[in-house]
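Residue strings, one per chain:
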Amino acid sequence: MTPAPTLTTARLVLRGPQKRDLAAFTAWMTQSARMEAVGGKGTERDAWRGFIAGIGHWQWHGYGFFTVTERKSGVAAGRVGVINHIEWPQPEMAWHMFDGFEGRSYAFEAACAVREWAGRTLGLEPLISLIAPTNTRSLALATRLGAVEERRDVVDGEDCIVFRHLNYDDARAVRQAAGAIA
Amino acid sequence: MTDTATRAAEILKGHRESIDRLDAILVYTLGERFKHTQAVGQLKAEHDLPPSDPAREATQIARLTDLANRADLDPEFAKKFLNFIIEEVIQHHKQHQS
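As you go down the protein sequences, you meet chains H and V in turn. Heads up: the first sequence at position 93 corresponds to 92 in numbering that gives the first Met the number 0, and the numbers run straight through without jumps. Heads up: the second sequence at position 86 corresponds to 85 in numbering that gives the first Met the number 0, and the numbers run straight through without jumps.
None of these hints come from the bench; they were simulated from the model. Nothing false has been slipped in among the hints.
Covered stretches of chain H, going by a simulated chain V footprint (3 or more residues, C-beta under 8 Å):
#, segment
1, 104 to 111
2, 167 to 180
Each pair of labels, with its calculated beta carbon distance range:
#, chain 1, residue 1, chain 2, residue 2, range
3, V, D19, H, H60, 43 to 53 Å
4, H, W59, V, D52, 34 to 44 Å
5, V, L21, H, Q58, 48 to 58 Å
6, H, A22, V, L48, 21 to 31 Å
7, V, A54, H, E35, 24 to 34 Å
8, V, Q37, H, G49, 36 to 46 Å
9, V, Y27, H, G122, 30 to 40 Å
10, H, R171, V, H35, 19 to 29 Å
11, H, P4, V, E45, 19 to 29 Å
12, V, K34, H, V153, 50 to 60 Å
13, V, I18, H, H60, 42 to 52 Å
14, H, V153, V, R69, 47 to 57 Å
15, V, A61, H, P4, 33 to 43 Å
Note that beta-carbon positions come from the ideal geometry of N, C-alpha and C, so glycine has one too.
With the rest of the complex left out, here is chain H:
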C-alpha cells in the first residue's frame, strides 16, 4: 500500500499504514481528547480522508506516518512519522498515540527510530516538530528527545512552537536510538 519500510524497536514495530488500521485511526480521530491539540476531533468522514491522505503522503514524498504497533500483540498503538504537507515549512516529525497507549514511552521509542531512519536512510536535515503551546505532553517529549525551541509560527491556522530535533548522528541521539532500538 505504501513504500514504507518496517522499523523494529525493542518493543514496537513501525510499518506503513494498512487498511486494517482505519478503525483504530477513526476511533482516535473521532473520540480522543488528544485531538484538541491537533485542531479538534473529526468526523468518520474526516478520518477516512485523513487516512487515505496518509497513504498518498507516502507515495508523494517517500515518507509519512508509520503505524506504530506493539511487537507482542500486533495492536496499533499510534502513528509516528515524518510529514511535509504543502504549507509546512520543513519535514516534521510528528506523533499521535492512540487512547490507552500513552505513558509507556512508546512515542519516544518510535521517535528515536524515525529520527535515525530519516537522517541516515532518507538523508533529511534535522527535523522540526510543530507543537501547540498548550500541548504539554508533546512539549515534554520533544524536550526529552533533545529538541530545542527555535521559534513561534502559525501553521495551518494554528499557533505552534517550532522545535528543532537533534541530528541523527549527534552523540545524544545515537545513545537514545541505541537504547530504544536495540
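Since chain H is already given, all that's left is putting chain V on it; use the hints.
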C-alpha cells in the same frame, strides 16, 4: 648496531608487544560489550522494558568527556569512537530483525 641502537630496538620491541596486547584487550572488550548490548535488547523485548531514562544519555556523554580528559585522550575522538561502536549496535540489531 651500536649499544644505544640495540637498546632502542629492545624498547621498540617492548612497545610493540604492549600494543599487541592492548589490541587484544580492545577486541575482547568490544566482543564483551556487544554481548551485553545484545542481552539488553532481548531483555527489553521479552519483559516490555522501556528505553533508557532521559537523563542517562546526557550523563553518559558527560562521563565520557570527563574520562577522556583524565586519560589525556581527545574527548572529541572518544565521542566519535563510542558513537561508531554504538551505531554498530543499532545496525547489528536491525540486521538481526530483518
